[in-house]
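**Q** Fit chain B to the given chain A structure using the hints.
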Amino acid sequence: MLKRIYAVFRARNLEFMRDRATLAWNIVLPLALIAGLSLAFGGGNRSEFTVGVLGEAIEADAHPFLGTRYVDFVTVPELSEGLRKVSRHQLDLLVRFESPAAYWVNPDSSKGYFAERALLQADSEGELTKEAIGGEPIRYVDWVLPGILGMNMMFSCLFGVGYVVVRYRKNGFLKRLRATPLKPLEFILAQIASRMLLVLTITTVVFVATHLVLDTPMEGNYLDLFAVAALGTICLVALGLLIAARVTSEELAGGLLNMINWPMMLLSGVWFSLEAAGETVQQAALVFPLTHVLDASRAIMFDGASLAEIAPNLLALSAMTVVFLFFGARVFRWHPG
Amino acid sequence: MAIALEARHLVKEYPGVLAVDDVSFAVEEGSCFGLLGPNGAGKTTTVEIIEGVTAATSGEVWYDGEPAGERFREEAGIQFQSTALQDFLTVRETLEMFQALYDRRADLDRIIESCSLTELVDRDNRKLSGGQRQRLLLAVALVNRPRLIFLDEPTTGLDPQARRNFWDLVQRILADGATVILTTHYMDEAQVLCDEIAIMDAGRIVTQGAPDKLLRDRYRGLIIELPLADTAARLGDIEHRTFENLGIVEILSSDVTASLESLAGNGISLDRVKIRQANLEDLFLDLTGHTLRA
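Chains as they are written, first to last, in our numbering: chain A, 950 to 1286; chain B, 924 to 1217.
Chain A with its partners taken away, still in its complex shape (with noise of 0.2 Å):
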């Protein structure tokens, strides 16, 4: 069986080594991403504000600043919870409107410093005062890192898999294989075992590079993050090949690959927070496996944690994982017809 995997797996790097444009677009685009966001987005510039309010509850009329446009103000009932969500992106500002009224701030944050100023302008009658919110503060291009390899890591599965396996099937080498004492698990695990190296190797370089030229922070352990990218990855390859286990069109694939990753780069967190998004939004985003890839992964590296404490992550990882390899084997297609 290992054998025969191993012949497969082989077979699969040869092929995709050797197509060059495919090898360079997937090391080209991560990197490119992180090179433009790094210098447009220093510490990110959407035209939307979200600001947290310490309490259970917003009063409209407790303070001026909540009457301002366009922006949105969520409650946070902890301040040790604000103060992360500001050192992470995922807010830009923290406001306390009861005594003693203060206000907490990203420096890193070019969306802070506007949400600042017009927070300054509110409180006319300087009620608030600015707070240091300690430790160090996490920049746009840190907290996007983590997206944006897990973004590109979503497109080498669902596609250099899902896709391949399409193709695959169209031009009848399964057909072939099918001929043969391979199984369908067998070529599953090989497919898996394949994209796992190619993604987890270009995952870990582009990893390493912008580490060392952008100094970004990593507070946990590295080992725990590769584990996670490894599971991410089974994960998200095991989801592409159940949705091309009995699919014999390109273009269908490429639509039903579409349908799943749009949604899931939207809702994951790749590219900004969904804490103004709404608790239904945000309970929504769970199904992806991208969102438990990019949560496990940006705690892990800003806040240090261990594995024991992104397991809820790691277990929705594998649940998925099973349920995409079950349904996947059991449904998969050699050829078409």
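No lab work stands behind these hints: they were computed from the structure.
Every residue, glycine too, gets a C-beta built ideally from N, C-alpha and C.
A couple of the hints might just be wrong.
Unchecked claim - With beta-carbon atoms standing in for the labels, derived distance ranges:
hint	chain 1	residue 1	chain 2	residue 2	range
1	A	Thr1229	B	Arg1028	56 to 66 Å
2	A	Leu1134	B	Asp1010	19 to 29 Å
3	A	Asn1170	B	Thr1079	38 to 48 Å
**A** Frame of chain A; chain B shown alone:
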């Protein structure tokens, strides 16, 4: 001679189409068995059921005295009618990949040599010509030292020289003791390679046996072929078949001299007459009413 493979009452039904209709046959060990028929006759579907890549609606396949299973997959070599191979892999890498899927191993260098791939071992699959590609697909079918080899329309699209070279390869494989099951719509290919044939039409086997015996049993004599123009009207009561699309008339004769005299006596010119032996295409036409390459 022992039976290598047996198909028992195979049926394959698609919505509205009965692709394979109660097909049964047995193949002797070390022989070449040909499934002959036009496109759409059900040959490929029948063979794919036997190969295990298509599920039968009903029926059984027995290999070497037992229902075809894991051992069959290990010991069978298959060349599909058309198979894409992985891009960017060389000929040798492709053969190594497929060989690793089996426990049985053939000597790869010997296969490469016998399939005339020595000069191509480092060439990318994408850069092979049609004939080179067919030789590689045959080599892929041989990597596990198969006892039973399926060749599905192996020479379709090849030029005459490449076809003859391919036949030589198949004859060498047969000489080594393997059993070959060949599907083709080339009658000459079947006549050269096959010990036994089954002619299929519309999903059914219409006749089966050794090619020479089938022809001997049905045709006692030769076929006289004449141009249709100026002939048909003068044939009188001479028994004949007319092929308007080919512009010819055919007469089956057990006494050619007497037939030619009779034709000349009716005032038919013999300047463009052709006399030939009956072949499998004639047999197919007689049995089904249409040509093999329809």
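**Q** When you take the CB atoms of threonine 1229/A and arginine 1028/B, is the distance between them in 56 to 66 Å?
**A** For threonine 1229/A and arginine 1028/B the Cβ distance comes to about 59 Å; the hint holds.
**Q** Range hint 19 to 29 Å: satisfied by the CB atoms of leucine 1134/A and aspartate 1010/B?
**A** The hint (19 to 29 Å, Cβ to Cβ) holds, given that leucine 1134/A and aspartate 1010/B are roughly 25 Å apart.
**Q** So does asparagine 1170/A sit 38 to 48 Å from threonine 1079/B, Cβ to Cβ?
**A** violated (60 Å)
Checked against the numbered hints listed earlier, the structure breaks hint 3 alone; every other hint is satisfied.
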